[in-house]
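Take these sequences, add in the hints, and give me the full structure.
Our numbering numbers the first residue of the sequence shown as 428 and each following residue consecutively.
Hints should not be assumed to be uniformly reliable.
[As the list claims (entries may be wrong)] For lysine-lysine, the following DSBU-like pairs were computed, each having C-alpha atoms within a straight-line distance of at most 35 Å:
1) Lys462 to Lys434
2) Lys465 to Lys434
3) Lys446 to Lys465
4) Lys446 to Lys434
5) Lys446 to Lys462
Quick caveat, the hints were computed from the structure, so don't treat them as lab data.
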Amino acid sequence: MSYQQEKQVAIEAALAAAKICEQVRSERVTEAMEKSDKSPVTVADYGSQAVICRLLAQAFPNDPV
Numbered sequence: 428m429s430y431q432q433e434k435q436v437a438i439e440a441a442l443a444a445a446k447i448c449e450q451v452r453s454e455r456v457t458e459a460m461e462k463s464d465k466s467p468v469t470v471a472d473y474g475s476q477a478v479i480c481r482l483l484a485q486a487f488p489n490d491p492v
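And the structure:
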């Protein structure tokens, strides 16, 4: 089994997430919130997670994300 499609989608998702992180950084958004375990989470974290999940769900609709 090749996994070429999976690899390509993973690369595209990582690049899209990196772009969001760069946009947040360039706008100097520095606020952090706390997750339930008290660890910090940023707007960039939420944005990158959302874009990765969306791209994975679009590419592999039968696989739970």
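Hint check:
| no. | hint | result |
| --- | --- | --- |
| 1 | Lys462 to Lys434 | 30 Å, holds |
| 2 | Lys465 to Lys434 | 33 Å, holds |
| 3 | Lys446 to Lys465 | 26 Å, holds |
| 4 | Lys446 to Lys434 | 18 Å, holds |
| 5 | Lys446 to Lys462 | 23 Å, holds |
Checked against the numbered hints given earlier, the structure satisfies every one of them.
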